[in-house]
Amino acid sequence: MYKNIMVPVDLAHESRLEKALATAADLGRHYGAEIHLIGVTGVTPGAVGHTPEEYKRTLEEFADRLSREKGVGFQAHAEVSHDPAVELDKIIERKSEEIGVDLVIMASHVPGFVDRFVRSNAGYLVEHSSISVFVVRG
Amino acid sequence: MTDHVDTSIEEAPDAIETEYHIGQDNITPFGLDIHNPVFMISSISIVAFVILTLMFQDSASEFFVWLRDFLTQNFDWFFLSAGNIFVLFCIVLMVSPLGKIRLGGPDAKPDYTYMGWFAMLFAAGMGIGLMFFGVSEPISHFNSSLGGTALEGGARTDWAPLGAAAGDAAAARDLGMAATIYHWALHPWAIYAVVALSLAFFSFNRGLPLTLRSSFYPLLGERVWGWWGHIIDTVAVFATLFGLATSLGFGTQQALAGMNYLFGWSTGDFAKVLLIAVITAIALISVLRGLDGGVKLLSEVNIAMAALLLIFVMIIGPTGDIFSAIISGGVAYAREIIPLSMPFGREDTNFSQGWTSFYWAWWISWSPFVGMFIARVSRGRTVREFIFCVIIIPTIVCILWMGVFGGTAISQVVANASAAVKDAPLELKLFEMLRPLPLATFTSFLGIILVLVFFITSSDSGSLVIDTITAGGKTSAPVAQRVFWCTFEGVVAAVLLLVGGATALTALQAMAVSTGFPFTIVLLTMCVSLYLGLRETRKSPGA
Numbered sequence: 001m002y003k004n005i006m007v008p009v010d011l012a013h014e015s016r017l018e019k020a021l022a023t024a025a026d027l028g029r030h031y032g033a034e035i036h037l038i039g040v041t042g043v044t045p046g047a048v049g050h051t052p053e054e055y056k057r058t059l060e061e062f063a064d065r066l067s068r069e070k071g072v073g074f075q076a077h078a079e080v081s082h083d084p085a086v087e088l089d090k091i092i093e094r095k096s097e098e099i100g101v102d103l104v105i106m107a108s109h110v111p112g113f114v115d116r117f118v119r120s121n122a123g124y125l126v127e128h129s130s131i132s133v134f135v136v137r138g
Numbered sequence: 001m002t003d004h005v006d007t008s009i010e011e012a013p014d015a016i017e018t019e020y021h022i023g024q025d026n027i028t029p030f031g032l033d034i035h036n037p038v039f040m041i042s043s044i045s046i047v048a049f050v051i052l053t054l055m056f057q058d059s060a061s062e063f064f065v066w067l068r069d070f071l072t073q074n075f076d077w078f079f080l081s082a083g084n085i086f087v088l089f090c091i092v093l094m095v096s097p098l099g100k101i102r103l104g105g106p107d108a109k110p111d112y113t114y115m116g117w118f119a120m121l122f123a124a125g126m127g128i129g130l131m132f133f134g135v136s137e138p139i140s141h142f143n144s145s146l147g148g149t150a151l152e153g154g155a156r157t158d159w160a161p162l163g164a165a166a167g168d169a170a171a172a173r174d175l176g177m178a179a180t181i182y183h184w185a186l187h188p189w190a191i192y193a194v195v196a197l198s199l200a201f202f203s204f205n206r207g208l209p210l211t212l213r214s215s216f217y218p219l220l221g222e223r224v225w226g227w228w229g230h231i232i233d234t235v236a237v238f239a240t241l242f243g244l245a246t247s248l249g250f251g252t253q254q255a256l257a258g259m260n261y262l263f264g265w266s267t268g269d270f271a272k273v274l275l276i277a278v279i280t281a282i283a284l285i286s287v288l289r290g291l292d293g294g295v296k297l298l299s300e301v302n303i304a305m306a307a308l309l310l311i312f313v314m315i316i317g318p319t320g321d322i323f324s325a326i327i328s329g330g331v332a333y334a335r336e337i338i339p340l341s342m343p344f345g346r347e348d349t350n351f352s353q354g355w356t357s358f359y360w361a362w363w364i365s366w367s368p369f370v371g372m373f374i375a376r377v378s379r380g381r382t383v384r385e386f387i388f389c390v391i392i393i394p395t396i397v398c399i400l401w402m403g404v405f406g407g408t409a410i411s412q413v414v415a416n417a418s419a420a421v422k423d424a425p426l427e428l429k430l431f432e433m434l435r436p437l438p439l440a441t442f443t444s445f446l447g448i449i450l451v452l453v454f455f456i457t458s459s460d461s462g463s464l465v466i467d468t469i470t471a472g473g474k475t476s477a478p479v480a481q482r483v484f485w486c487t488f489e490g491v492v493a494a495v496l497l498l499v500g501g502a503t504a505l506t507a508l509q510a511m512a513v514s515t516g517f518p519f520t521i522v523l524l525t526m527c528v529s530l531y532l533g534l535r536e537t538r539k540s541p542g543a
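Residue numbers (the UniProt record's numbering), protein chains in the order written: chain A, 1 to 138; chain B, 1 to 543.
Calculated from the structure, these hints are not laboratory results.
Here the structure is a predicted model, which is why all the values come from computation and not from measurement.
Do not take every clue at face value.
[As the list claims (entries may be wrong)] Cβ-Cβ distance ranges computed for the label pairs, FRET-style:
#, chain 1, residue 1, chain 2, residue 2, range
1, A, R94, B, R535, 40 to 46 Å
2, A, S129, B, A304, 31 to 37 Å
3, B, A304, A, G71, 54 to 60 Å
4, B, M40, A, H128, 34 to 40 Å
5, A, T23, B, L288, 30 to 36 Å
6, B, A304, A, H128, 27 to 33 Å
[Stated by the list, open to error] List time: in silico EDC-like cross-link candidates among lysine to aspartate or glutamate, alpha-carbon distance up to 20 Å:
#, chain 1, residue 1, chain 2, residue 2
7, A, K19, A, D64
8, A, K3, A, E93
9, A, K56, B, D107
10, B, K422, B, D158
11, A, K56, A, D89
12, A, K95, A, E79
13, A, K70, A, E18
14, A, K95, B, D292
15, A, K3, A, E34
16, A, K19, A, E34
17, A, K95, A, E60
18, B, K109, A, E53
19, B, K109, A, E79
20, A, K56, A, E98
21, A, K90, B, D292
All residues carry an ideal CB built from backbone N, CA and C; glycine is no exception.
If we strip away everything but chain A, and leave its shape as in the complex, we get (with noise of 0.2 Å):
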């Protein structure tokens, strides 16, 4: 039923991750669909990487680590953006329709994430693409 799966990522808040991205892992296997993890850096230094080339390389790892542990293929898709906070929806919606994707799973439970998944991305997302829309709660 599935064939392309985007979870968006948050690599500052990996533990929190967990649930989401073990709910896409059993989807992915049972359909036989592709996992494809979406992260947004920033230009300036973050948490996660000192430069976008730097995010993208963890983002990478991340997404490699998790296709040996869970037995199912994650591909990473790192964006830079000028102002993370903002774009991030605008962002997802376009990578999902770049990569063709029929479900998308975020993490609920992350502070900020609440304000930028469910307020406005999550919600962005249902009102904007006829993509289904699986929000994870912690």
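Position chain B against the provided structure of chain A, taking the given hints into account.
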């Protein structure tokens, strides 16, 4: 608390190795993401300062005005020397081999086009002052120069720059233009460039968070993450917020005076609050749309409108006089820059202390804000390109701007000694200058809109800067935080204006300008840090 991904991979080649993780001191109440001491201390002490100033208005005003005058009068040599050091430092960097270093590493691509980049730095850097002082300052210096020198008890009592130009209108005009350009061109932009370049370098090349304390890493080491850093960042937030809020307060009065003059609108309390609310609301929309969709867009609109007004006045105004003011003003600037910037042995103390020293303190107190903002949008430029575009191009633009607006005003005064522009209050000088010209209603209206847009572009970029500093250098903090700072600035301006009026605004503005003194020391230290950092990068392989 935040948890971190263990980055076992190698770090950026040139990154400073520090134990500090960006965001490690942040706390996350209510889904926010704020730097623990800096956010709390700065927001609480800002509220406390506002309340105390309003309770003890007269003594607060007396004290801060005394402090400002004490600093600018007794340390005039210090401000003037520091200003010269910043200009020389930048020029040396620009022509030295260090100028080849690219912000963001050798492979970084510029984040913005020249136009977008330049629009943002100009809108944040000069802003509303250009509108009011572009007309009034050349006239002031022209008048005082024409009046000649006056001695009393061995000291000069006149306000003329240098040796004045008694009775010689052409020489007085050139001296007036040179003095004005001196206050708006190389020196202020070099001040901004020092801050912006150090922040950009230590952030994009060395991997430190985008906040003021980072540029002290080479000197203070790990201590910058402790109280030393908290103090530097907090004072920066303080200077920025009070600088913005008091300008917004004063500017509201000036803009309303203009609207009253043009359209007969009321200047009462309701109008003041309404105007602040409108400016803040548009700034809020801008920060919610983000750096590219809001701040950059408005800056471009702003610069396009300013260019339109400039060209328009150039054509419909006394074009010949304007060109002559631009050219001979520029030449006079080049000729007088050394005497004007002499820190010692000045006889024109009213001018050098009351104007220059005050201006330097003022620009320096704005430098954390403007410097941080310029830094954020300058990734991908080389040091040489950066300095050229942040210092040389604005200098040319300032010569043009002052030539057009000041030149027109001076030519009106020369033609008619009782021209309205001469004695009009500061906020009306622009409109009195435009009135005798064709299409005055249109140009005045454009002028008023420009004043408002300049406010909005300061307010939105200022909110982003304060948000970043109070989030420990994170530019990805939740949107609610920038909404808070943007609203807070509007509220502080409205409260000061309504409850305190001009006394409270003067008090806190004097306080903000006084922070220029400690920040001068901060900026001089930055020059040393930046030089050491750049030299290290230049030597390291692969850079």
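Against the structure, the hints come out as follows:
1. A:R94 / B:R535: 40 to 46 Å: Once the Cβ atoms are compared, 42 Å apart, the range 40 to 46 Å for R535 (chain B) and R94 (chain A) holds.
2. A:S129 / B:A304: 31 to 37 Å: Holds, at about 35 Å.
3. B:A304 / A:G71: 54 to 60 Å: holds, 56 Å
4. B:M40 / A:H128: 34 to 40 Å: holds, 37 Å
5. A:T23 / B:L288: 30 to 36 Å: Since T23 (chain A) and L288 (chain B) have Cβ atoms about 31 Å apart, the given range 30 to 36 Å holds.
6. B:A304 / A:H128: 27 to 33 Å: holds, 31 Å
7. A:K19 / A:D64: Holds, because 18 Å separates the two Cα atoms, which is no more than 20 Å.
8. A:K3 / A:E93: holds, 17 Å
9. A:K56 / B:D107: Given pair K56 (chain A), D107 (chain B) holds - Cα atoms ~15 Å apart, limit 20 Å.
10. B:K422 / B:D158: Distance of about 18 Å is within 20 Å: holds.
11. A:K56 / A:D89: holds, 19 Å
12. A:K95 / A:E79: holds, 9 Å
13. A:K70 / A:E18: Roughly 12 Å between the alpha carbons, so the hint for K70 (chain A) and E18 (chain A) holds.
14. A:K95 / B:D292: The hint holds at about 19 Å.
15. A:K3 / A:E34: holds, 6 Å
16. A:K19 / A:E34: Satisfied, since the Cα-Cα distance of roughly 18 Å is no more than 20 Å.
17. A:K95 / A:E60: Satisfied, since the Cα-Cα distance of roughly 17 Å is no more than 20 Å.
18. B:K109 / A:E53: holds, 12 Å
19. B:K109 / A:E79: holds, 15 Å
20. A:K56 / A:E98: holds, 19 Å
21. A:K90 / B:D292: holds, 13 Å
The structure agrees with every numbered hint stated previously.
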